[in-house]
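So in the working numbering the end of the sequence shown lands on 340, straight run, no missing numbers.
Hint data in this document are derived by calculation from the structure and do not stem from the laboratory.
One or more hints might be untrue.
Within a straight-line C-alpha distance of at most 27 angstroms, the following computed DSSO-like cross-link-like pairs (lysine-lysine) qualify [what the hints assert, rightly or not]:
{"no.": "1", "residue 1": "90", "residue 2": "11"}
{"no.": "2", "residue 1": "320", "residue 2": "246"}
{"no.": "3", "residue 1": "310", "residue 2": "256"}
{"no.": "4", "residue 1": "197", "residue 2": "256"}
{"no.": "5", "residue 1": "154", "residue 2": "90"}
Label-pair distances were calculated between CB atoms; the ranges are [as the list claims (entries may be wrong)]:
{"no.": "6", "residue 1": "238", "residue 2": "75", "range": "22 to 30 angstroms"}
{"no.": "7", "residue 1": "25", "residue 2": "95", "range": "40 to 48 angstroms"}
{"no.": "8", "residue 1": "194", "residue 2": "238", "range": "24 to 32 angstroms"}
{"no.": "9", "residue 1": "19", "residue 2": "207", "range": "24 to 32 angstroms"}
{"no.": "10", "residue 1": "125", "residue 2": "313", "range": "47 to 55 angstroms"}
{"no.": "11", "residue 1": "152", "residue 2": "222", "range": "31 to 39 angstroms"}
{"no.": "12", "residue 1": "77", "residue 2": "201", "range": "29 to 37 angstroms"}
All C-beta atoms, glycine included, are put in the ideal place defined by N, C-alpha and C.
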Amino acid sequence: MSLEVKNLVKRYGNKTVVDNISFTMEKPGVYALLGTNGAGKTTTIRMLLGILDKDGGEVLWNGKPLNVATCNVGYLAEERGLYPKYTLMDQIRYFAALRGVTGSEATKRIHYWSDRLKLDEYLYPNGKKAVNASAGARRMPVKKQKPMKADQLSKGNQQKIQLLIALLSNPDLVVLDEPFSGLDPVNTDILKDVVRELIANGKYIIMSSHQMEAVEEFCTDITIMARSKAVVKGNLNDIKKGYGRVNLELKVEENVDEFIKKHGIEILSVKENEYKLRVTGDEQANNLLKDLLSAGINIVTFDLKELSLHEIFVKEVQAREELFQKEEAAKEEIK
6 MSLEVKNLVK RYGNKTVVDN ISFTMEKPGV YALLGTNGAG KTTTIRMLLG ILDKDGGEVL
66 WNGKPLNVAT CNVGYLAEER GLYPKYTLMD QIRYFAALRG VTGSEATKRI HYWSDRLKLD
126 EYLYPNGKKA VNASAGARRM PVKKQKPMKA DQLSKGNQQK IQLLIALLSN PDLVVLDEPF
186 SGLDPVNTDI LKDVVRELIA NGKYIIMSSH QMEAVEEFCT DITIMARSKA VVKGNLNDIK
246 KGYGRVNLEL KVEENVDEFI KKHGIEILSV KENEYKLRVT GDEQANNLLK DLLSAGINIV
306 TFDLKELSLH EIFVKEVQAR EELFQKEEAA KEEIK
């Protein structure tokens with residue numbers, strides 16, 4: 006299987022909100038679609054799924070136009086999509102039936118994902134299995150809890166219910182738009198475990214998120230969008246290598262500011278002799294290390310790293326914004 010997005014374009018009047026966005030997934034894994042607010046990533050996702058009409062381009066699944074009627078897709082939208090006054094279980098079974106999952110199979114899958122996402126207390130307030138008293142046994146009457154409704158749940162738990170719904174059809178293609186939104190650290194870890202399971206099961210996952218560390222943990226390839234255009238695209242490891250190893254984490258047992266200044270190294274932050282530095286490359290870092298060792302400085306940590314995805318994102322988006330401002334200024338001069 007493969008997914009190919011070719012030259013997607015979306016316009017509203019004279020404004021182009023998605024400008025020739027292309028990417029390919031030739032094997033299972035996570036593709037990250039990143040961008041600032043309003044960059045066009047959610048619009049791209051909606052065109053990909055056929056929710057919005059395209060003004061240009063095409064989306065192919067196994068070489069044929071992607072159609073959610075023939076391609077098993079699970080979609081977690083950024084916006085909440087639950088009906089607030091209907092019970093959770095009724096809604097879940099309704100959405101499952103829309104995707105052809107009914108009866109005992111639906112029950113089995115709901116049980117499974119409820120357990121994985123830690124939702125049992127909301128979906129099964131009286132327990133998953135009825136307790137049958139043996140013949141002649143006495144049992145104290147137990148007041149049953151009413152089925153819960155969506156508006157009784159927190160934002161994070163509503164998010165998990167929507168994810169459960171997205172996964173009920175056992176989709177081949179999973180689209181997650183801001184999946185970590187509203188989740189606390191515990192639930193974020195639960196969702197990460199689910200993503201790992203989906204990867205292990207050979208799913209194709211498109212993920213859009215502002216949480217760069219979470220995305221970086223899973224994605225192999227990325228597109229970063231800014232002002233409707235792709236400003237960075239490709240394999241994340243290759244992109245990082247292109248910037249070189251310029252982040253140096255240094256922890257020592259005394260102040261070494263004079264050594265750092267001697268080599269013209271930028272100090273990004275320092276706290277109790279724990280430095281985050283920006284170097285020009287391996288040579289500058291190694292020269293600093295030699296000086297510190299020669300001076301008998303006790304080095305606890307000396308770790309030279311590539312730029313993080315967060316840093317790459319900020320750098321490229323800012324560059325695109327500066328270019329956009331120059332283009333707009335040039336247009337004004339022509340007028």
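Here's how the hints hold up against the structure:
1. 90 with 11: 41 angstroms, violated
2. 320 with 246: Cα-Cα ~15 angstroms, so holds.
3. 310 with 256: 14 angstroms, holds
4. 197 with 256: 30 angstroms, violated
5. 154 with 90: 6 angstroms, holds
6. 238 with 75: 22 to 30 angstroms: 28 angstroms, holds
7. 25 with 95: 40 to 48 angstroms: 43 angstroms, holds
8. 194 with 238: 24 to 32 angstroms: 29 angstroms, holds
9. 19 with 207: 24 to 32 angstroms: 43 angstroms, violated
10. 125 with 313: 47 to 55 angstroms: 37 angstroms, violated
11. 152 with 222: 31 to 39 angstroms: Between residue 152 and residue 222, where Cβ atoms are some 36 angstroms apart, the hint holds.
12. 77 with 201: 29 to 37 angstroms: Since the Cβ atoms of residue 77 and residue 201 sit about 20 angstroms apart, the hinted range of 29 to 37 angstroms is violated.
The structure fails hints 1, 4, 9, 10, 12 (numbered hints given earlier, in ascending order).
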